[in-house]
Amino acid sequence: MLFGYSFSDLGSILVMQGFSGLSLFSVLLLMALGLAIIFGQMGVINMAHGEFMTIGAYTIYVVSKITEKYFPEFMAYYFVVAILAAFVIAFIVGYFVEFLLIRHLYKRPLDTLLATWGLSLIMQQIFRSVFGGREVSPTLPDWLMGAWAPTPNIDIPINGLFVMVITLIVTGAVILALYKSRWGLKVRATTQNRMMAGAVGINTQKVDRMTFAVGCGVAGIAGAAFTTIASTGPTSGSTYIVDTFLVVVFGGTASLLGTVASAFSISQAQSILTFFMTNAMGKVVTLLAIIVILMLRPEGLFASKVRK
Amino acid sequence: MTNNDFVLAIEDLTVSFDGFKAVDSLNLYIDKNELRVVIGPNGAGKTTVLDLICGKTKATGGSIKFKGKELTKMAEHQIVRAGVGRKFQTPSIYENLSVFENLEISFPRGRTVFGALMFKRTVDVDMRIHEVADMIYLSDLLEKEAGLLSHGQKQWLEIGMLLIQDPELLMLDEPVAGMSVREREQTADLLNRICRDRSVIVIEHDMEFVKRIAHKVTVLHQGKILSQGTMDQVQSDERVIEVYLGH
Amino acid sequence: MNIFYDRWLGGRQGAIGLLLLALLIFIVLPTFLDIYRLNNVGKYLTYAFAAVSLVMLWGHAGILSLGQGIFFGVGGYCMAMFLKLEASDPASTARQTTPGIPDFMDWNQITQLPFFWEPFHSLTFTIIAIFVIPAVFAYVIGAAMFKRRVGGVYFAIITQAIAAILTILVVGQQGYTGGINGITDLKTLHGWNINTNSAKYILYYINGALLIGVILLCRYILSSKLGRLLLAMRDKEDRVRFSGYDVSNFKIFVFSLAAIISALGGAMFTLQVGFMSPTFVGIVPSIEMVILAAVGGRMSLIGAVYGALLVNYGKSAFSESFPALWLFLMGGLFIGVVMFFPNGLAGLYQTYAKPTVDQFLEKFARKSAVVQSTSLNEKKEVVE
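Residue numbers (the numbering used here), protein chains in the order written: chain V, -14 to 293; chain F, 40 to 286; chain Y, 192 to 575.
Rather than coming from a laboratory, the hints here were simulated on the basis of the structure.
Certain hints may be false.
What the hints assert, rightly or not - Listed next, the in silico PhoX-like pairs over lysine-lysine satisfying Cα-Cα at most 25 Å (straight line):
| # | chain 1 | residue 1 | chain 2 | residue 2 |
| --- | --- | --- | --- | --- |
| 1 | F | 183 | F | 159 |
| 2 | Y | 427 | F | 159 |
| 3 | Y | 427 | F | 183 |
| 4 | Y | 338 | Y | 234 |
| 5 | Y | 427 | V | 92 |
| 6 | F | 95 | Y | 427 |
| 7 | Y | 338 | F | 112 |
| 8 | Y | 545 | F | 183 |
| 9 | F | 97 | Y | 427 |
| 10 | F | 112 | F | 95 |
| 11 | F | 97 | Y | 338 |
Can you make the complete structure from the sequences, with help from the hints?
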């Protein structure tokens, strides 16, 4: 007996908390992936990253409302379309933000931090003005509701599974794109040696813009995942921004694999801890653990050894 | 001769980055008041050796003894306080401060937090700063903002910032890069003067300059010593010729 | 006298700037504002403490901390705990289940004063705590990070995380800290009622004096070799390290100094406003403190005060009538300061206003110089 639960009970609890942790893991991972691309590859601190997630979430909401009103026959299918829309819209907004703001601040990380914080305030206020201050939720299609029960003790929510599948697909796609595609090659070249990349004919400005936009687009998909676990409000993005940065830094900023491992361990730790202590304390302990580990190993989990 | 007779005794020094051996079982000995020039093709490991001595990079093997003290175990600022000064390849000075202030910050007093707070610009500090400024040809420019100096003058300022600490080992990484002919002559004079009181290691590519100053020359190649001796000996060494001019 | 003039007051320029600020705080504002508005100004001036601390930490040493709210809160809560204990004497709390303890503890079914509250019965301890606790906290955080060469953006984000952790802890432990409402209903400081108008006037002046004192101290530090070292470290940390300095010690020092200054502000806040809550501890207020310093000019101690006054005045003025507009403005301010005027108001002053002011002073000085030089010449002739 441990904490008053039998071992088989504990096992079920772990599995269930593990799976509920998976939804959190999905959101966190997608957010962190986007940020890892932007921060890890470009060195840009985007404090408005959470707001790009919110853009995605609101997009799902809007598409769901439109489908409900005008195309009720398609309710079962709209979600996939909405996810694509979330990516596209977040991508476009990110593209313009890079063009208007970010590109002037590349050599100044602390200034980028402040400027993007200002941007996040503006974006939050726009959300508030357009959608109102109260939280909204899209109407999720029927097949996403309910749970799957492999054993009598375990209930796994279907939307959690769906989101996880999407996350794995997107993660795979991003890693593939970054390491196997021509675009990915250009991005890595520009990051490692901007001058040379420019000298061999890579349009580094365009590459930067695309990279930033892709990072934001992925955050948009995170927003889609987010709508399955919570309702959306103007400040929804800000609940995850600090966690997301810590995930990226904890995993080792240059390593996408590190980001995955880090997101997994952090979300699982938090969700399992929240079962045994209150929500707040679970978060506190997780954050504290991350900070302590970072102080012991500032390069993160998967550091890359580069000669200075 | 035991290790302790040399100012600097490097033995079996190795550093590898992800398997690549930038410095490979290096043995190097510097005498008192010697001016050693280290040359070698790019990538030979010259700057890395300086990095290892001053503590900027940690060795993966071997020992560096400075006057008998093991440097590989010490932190950067402790190595400096022990008497080792290092000049970087690109001039590393405080651009926003004046020449005088640059030298003053480098003055070896008031190095702790409260020491720095209580530090007073006393007469002896003033005199020493003027003395060093004289040596580095900058005595008329003490009030000038360091960022406005010419490239050559910045190099001299950095040398001055090291001199004012009275190091026993001074390490200069390409001190005349970007200097005019006249400035190179002046630098050669400067170096010949200062090595009367200390040992100096210089990394350089300009062979004319090297001839003017070197007591002994060490040629590095792929992290190891290729040849060592006077400038004439080294220049006529076949292996050196091949590495510099050959395939 | 000379040392005082040059190093504490900052030479002629610095002295004039300080004089104008003092005039504004001690004479102009109290003359034209009623006590309610003056109390608000006093509140803004407590934020100025945090802004000034950032001028030292960020402007001069190049260390961006997004967690000064932590220390502001520590100072504020220490003072609040003392005042709350005084207001919770057994006589006034006779109606509680457990008299003699703060009301929120009673509501949370706590029957005994927690051990860490006990020392705050003493004013001496409280005042010492306001200085020592933030310093120790900053020392621990600073040592852990700076010794391991964690700096720049990573440091900023970790300070944010710590601010978040602290807020969650304070809010979550309602019984011990008053939770999200904070510690309220504060009445007297050692018997002296802090809620009367005359008390508010006095506290305002004390606050102003403390602020000026802090600025003087910072001026002294900046004009010493330590100050020049901070600038050097900001721009060329390696060179400083290779000149024989243990850079991490200096960073820890300035971080602890900034912590103490912010804590002072927090304590004065509690005294003037009459409560302290976790709203002032977390991520959002900490970043706002940065914007105060940025608007004022991150290199200017006096600028930080003006920045604090201006931004907070704007906040009050706008957020009541046009709350949506205010958030847009704030966001725009962040972006604007970074993109267009990185040296804030002080920078604008240097570029645009100063040349005219200098010319004016020049004429003034020339007249008195003429007078002086003639008398000097006379002296010379006598000597020779």
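May I ask which of the numbered hints given earlier this structure violates, with the numbers listed in increasing order? 4
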